Amino acid sequence: MKKFVLFLMVILFPNLVLAQNPTTSEFNTEKISKESIRRIFSTHHQGADFLIQSFLNNNLLNYSPQKDFFYLNKNKFLEPLYQKEYKKIYLLTYMKRIFDYLWNVPISEEYSYFTPRFIDYKQIEKSIKKEDTPLISSSAISFACTSYLIGAEYGWTSVDQTITRLKKICTFFHDLPQEGLHEGFIASVYNLETKKPAKSSHFSILDTANIVIGFMAVKQYLLDKKRSYNEKVYQYNALIATYSQKKFSQKKIRNLTLSVNRLTRLIDMINETTEMINTIYERVNWQSAIHQSFLIKGWNIKHEPIINTLTNKVSIYDSFDGSYLAYITAIGSKTFPISEKIWEKLQRKTEKLPIKNHQKDTLLGGYLPLSSHTYPLCYIDLRDYTYKDSIEYIPNNIHRKLKYTKLKFTDILGWQYFENASKAIGFNQQYVQKLANEFPEKYTTYAIYWGLSNSWSSETIYDTLHPLKKSFPKGSRVSPTATISTIIFNEDEVHKQLERVFNHQHFPENLPFEVLTDYGFVSSFTLSSPIGERESIAQRIDTLEKGAEFLSLENHFTGFVWKLISRDKNINISLKKLGFPIFLLAKTLNDFDKSRRLQKPNLISTILKEESSNLFKHAIQLEGMEYSDYYEIQISSTSDFRNFESYPPLELNKLGYAFLPDFLKAGSYHLRARAIQTKEPLQPNTSYTNAYSEDCKSLWSLPINIKILANPSEPSLSPEDVYLKDIVTTLENIDDKTFLLKKAQRYLTLMEKYNKILSDPDREKKYKNHPLIKENLSPLELLRKKHPKGLLKLEAYIETYRKLQNSSNESLLLEKPSFFQENSSIVYMKNLLEKLIDLNIEKKFITRAQHYILLLKKYSLILCTPSEKLSLFERTQKRLMEKNNHDPLSFLRKKFPKRLEALEQKAFYI
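Per the numbering used here, the very first residue in the sequence shown carries number 11; after that it's consecutive.
Hint data in this document are derived by calculation from the structure and do not stem from the laboratory.
Bear in mind the structure is a predicted one, so any value in this text is a computation, not a measurement.
Certain hints may be false.
Unchecked claim - DSSO-like cross-link-like pairs, simulated, lysine-lysine; straight-line CA separation at most 27 Å: (1) Lys905 with Lys98; (2) Lys888 with Lys799; (3) Lys763 with Lys752; (4) Lys604 with Lys868; (5) Lys795 with Lys261; (6) Lys845 with Lys905; (7) Lys735 with Lys627; (8) Lys735 with Lys775; (9) Lys235 with Lys888; (10) Lys132 with Lys177; (11) Lys44 with Lys799; (12) Lys763 with Lys795; (13) Lys854 with Lys766.
Claimed, not checked - Here are the simulated distance ranges between beta carbons: (14) Glu509 with Tyr253: 55 to 65 Å; (15) Arg510 with Pro876: 29 to 39 Å; (16) Ser137 with Thr470: 16 to 26 Å; (17) Pro876 with Asn841: 23 to 33 Å; (18) Thr875 with Gln171: 19 to 29 Å; (19) Lys506 with Glu282: 45 to 55 Å; (20) Leu802 with Ile300: 51 to 61 Å; (21) Tyr253 with Ser900: 49 to 59 Å; (22) Ser74 with Glu119: 45 to 55 Å.
Glycine is no exception: its CB is placed at the ideal position from the N, C-alpha and C atoms.
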């Protein structure tokens with residue numbers, strides 16, 4: 011009935027319904043979760059939680075306690091306070107619109123896990139028009155798959171659902187019939203019903219490269235999840251064994267068993283999916299696509315090379331354009347790599363063109379549409395590296411100013427492609443402004459809007475818009491989606507255009523539709539009279555455009571997609587061959603700092619039990635480097651490593667640890683390590699040399715001091731004794747944990763007692779009923795059986811302490827770890843620590859202050875981490891802090907009131 015009334019209104023009163031253009035775009039009320047806000051503001055200097063409270067106080071956000079969601083106050087868009095942060099939240103809600111399309115708009119009920127190539131969104135009827143035949147775009151599916159990973163991280167869908175959908179999509183491409191492939195190359199468009207290329211498609215080099223690079227991002231994400239799940243399975247199985255021995259309630263054991271079964275099922279799905287991804291990449295015969303020393307553009311569905319209609323020759327990619335992504339993936343192929351020398355042969359025609367403020371600069375690819383510059387950079391991070399040069403203190407001596415030096419990310423020819431793309435985007439904007447200045451009546455849109463790129467102008471017309479076009483007959487049309495995709499280059503210009511569109515600046519009154527829809531921007535629009543059958547606002551939503559927008563926005567917020575691809579061995583080795591200075595970055599996927607900063611990895615040393623035996627051994631882990639293949643280690647008697655000894659590379663286990671060699675003698679050492687990615691597996695027990703020139707490495711880690719008490723082969727001290735003594739030694743260095751130290755010392759005494767029983771020659775007679783003899787248990791197993799909770803608490807505390815300890819630099823005063831923002835609690839405690847040092851206070855108080863800084867970082871981390879990713883004890887702490895509205899400092903004060911007061915007395919009142 012409502013639709014019928016609306017239809018009558020349109021027929022009878024078209025001026026009222028269509029011509030009345032609102033002064034601003036209607037922005038629907040959208041839910042924003044706390045986790046989403048924390049993710050995009052995790053590196054903000056004030057801290058995400060402080061910002062959330064400020065937004066609420068200033069009425070920028072509204073909160074719904076019943077649904078536990080925030081809502082954007084659309085009337086506050088131009089408020090000066092926190093305007094930059096508010097714009098970020100606006101972009102976050104825009105991302106959510108795109109994700110709703112990519113995840114919730116299926117091509118059909120039968121193929122619900124595939125997104126259509128495009129839809130036509132009828133704004134008046136609020137309806138969606140799809141193609142009659144279920145056709146998918148391979149490149150669009152690649153971008154959509156990567157978007158699903160991001161959506162799972164924001165909590166917009168579950169990880170389980172994401173893994174399930176990704177497996178189904180990979181299965182489709184993996185199981186394509188013979189006629190659906192050409193030498194492993196994928197077609198640009200497929201018919202889902204026949205699993206064959208569509209009649210209008212071709213076997214495409216560039217679409218294959220897009221599928222490969224998108225699936226590489228998926229693979230790295232899944233491998234990271236697999237490591238996390240393996241660790242949880244390891245922990246849960248240990249708990250199940252402990253609870254079974256102590257006869258805990260069956261409900262606890264049953265719940266843990268269900269969790270293990272679920273994680274095991276997910277691990278199996280991940281293994282299957284990553285194997286399919288490897289097959290999809292490795293079966294592509296890139297060498298068969300070489301013609302006249304270059305990659306061809308593809309083959310038609312009859313498997314004949316595509317012919318250039320102008321030259322009547324085979325179409326090839328012989329010039330530098332968006333096809334460089336295909337060259338990178340082809341050079342990095344494990345099975346059919348092409349020569350890196352082709353890269354140097356690509357034609358790179360440069361021109362002197364106006365980039366900014368009409369000043370000319372040398373530019374490569376100025377004539378290309380925006381998509382040719384932005385699409386490859388949605389995946390591959392070609393920004394310059396930065397590294398710390400020096401540290402200077404500003405007068406108040408509280409905050410520190412870090413100076414960074416750039417390491418240019420150039421290829422063998424000296425080209426900086428990210429900088430060049432930034433210039434090309436600037437020229438794209440300058441070019442349309444020049445047209446508007448010279449022909450103001452003809453190019454009305456270009457007076458304030460820009461964005462020349464490939465886009466839809468109607469349901470049937472697809473325009474190729476780019477600068478320096480010889481003729482421009484298609485009107486002053488721009489692509490708002492392409493403009494959004496440039497946000498990684500120039501955030502301010504994108505925000506200006508967003509505000510203009512939002513406020514309908516210069517929009518004529520007769521525009522029938524909105525540029526902004528429930529699924530984001532339409533493909534293109536013009537403020538001039540459309541030419542031919544083109545529409546003023548093309549109501550088409552293109553999946554490839556939406557995917558590029560989504561990935562660009564996420565890279566702008568966190569660099570997440572860049573981090574995924576920077577972990578991939580094939581892409582890294584390919585870039586290394588092309589002369590780019592590749593370093594493995596020590597960043598976890600939960601590190602939302604989007605900068606490309608070179609930092610020495612943090613090295614963690616611990617003692618673990620080997621899977622292949624019951625021995626406890628020294629193990630090391632480089633934080634954020636679990637995706638590498640090997641750790642190279644150097645050991646020295648001095649911290650400066652002037653004299654050191656190198657050892658064969660250590661292979662990582664499934665938890666991301668490497669065990670130190672058994673032949674290290676007892677003693678104290680300085681140890682450092684670096685991560686390595688190798689093209690081929692290294693031979694066991696061979697020394698690593700620089701002969702492996704194609705391998706990719708990280709920086710050397712910060713050195714740590716390790717004490718090896720004895721070799722497991724020595725009978726004087728068992729590995730279990732080493733394990734427990736290491737815990738005692740660590741606790742002795744922590745001033746505020748004397749009760750845990752006493753417990754650990756008591757456990758060590760019990761271990762000595764058990765060892766004495768086992769060393770007795772007559773133990774079979776004297777202690778035949780003792781659990782050590784009767785149940786054939788080791789001392790540590792018996793200790794764990796008798797004191798499961800106490801020992802688990804000790805181990806959990808030590809693990810947390812070591813991670814926090816290693817997240818700091820050698821000098822706690824001089825360097826700020828990138829993972830933690832300098833919130834007010836930490837700044838206060840560091841200021842207090844500086845006062846203690848300046849006053850030359852006793853060492854125990856300085857040690858206590860340093861420990862409190864670690865605890866504050868821990869509490870900050872707990873507050874910013876989703877509950878499901880925390881241990882039981884950490885979840886309890888988080889609930890207490892949130893329930894009583896504690897920040898990290900007030901929570902610390904509640905736990906240690908007298909000790910903290912004593913520190914403050916020493917620092918401020920002496």
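Hints versus structure:
{"no.": "1", "hint": "Lys905 with Lys98", "result": "violated, 36 Å"}
{"no.": "2", "hint": "Lys888 with Lys799", "result": "holds, 21 Å"}
{"no.": "3", "hint": "Lys763 with Lys752", "result": "holds, 17 Å"}
{"no.": "4", "hint": "Lys604 with Lys868", "result": "holds, 22 Å"}
{"no.": "5", "hint": "Lys795 with Lys261", "result": "holds, 19 Å"}
{"no.": "6", "hint": "Lys845 with Lys905", "result": "holds, 22 Å"}
{"no.": "7", "hint": "Lys735 with Lys627", "result": "holds, 13 Å"}
{"no.": "8", "hint": "Lys735 with Lys775", "result": "violated, 30 Å"}
{"no.": "9", "hint": "Lys235 with Lys888", "result": "holds, 23 Å"}
{"no.": "10", "hint": "Lys132 with Lys177", "result": "violated, 32 Å"}
{"no.": "11", "hint": "Lys44 with Lys799", "result": "violated, 33 Å"}
{"no.": "12", "hint": "Lys763 with Lys795", "result": "holds, 16 Å"}
{"no.": "13", "hint": "Lys854 with Lys766", "result": "violated, 36 Å"}
{"no.": "14", "hint": "Glu509 with Tyr253: 55 to 65 Å", "result": "holds, 58 Å"}
{"no.": "15", "hint": "Arg510 with Pro876: 29 to 39 Å", "result": "holds, 37 Å"}
{"no.": "16", "hint": "Ser137 with Thr470: 16 to 26 Å", "result": "holds, 19 Å"}
{"no.": "17", "hint": "Pro876 with Asn841: 23 to 33 Å", "result": "holds, 31 Å"}
{"no.": "18", "hint": "Thr875 with Gln171: 19 to 29 Å", "result": "holds, 21 Å"}
{"no.": "19", "hint": "Lys506 with Glu282: 45 to 55 Å", "result": "holds, 47 Å"}
{"no.": "20", "hint": "Leu802 with Ile300: 51 to 61 Å", "result": "holds, 59 Å"}
{"no.": "21", "hint": "Tyr253 with Ser900: 49 to 59 Å", "result": "violated, 35 Å"}
{"no.": "22", "hint": "Ser74 with Glu119: 45 to 55 Å", "result": "violated, 32 Å"}
Figure legend: structure checked against the earlier numbered hints; hints not met, in rising order: 1, 8, 10, 11, 13, 21 and 22.
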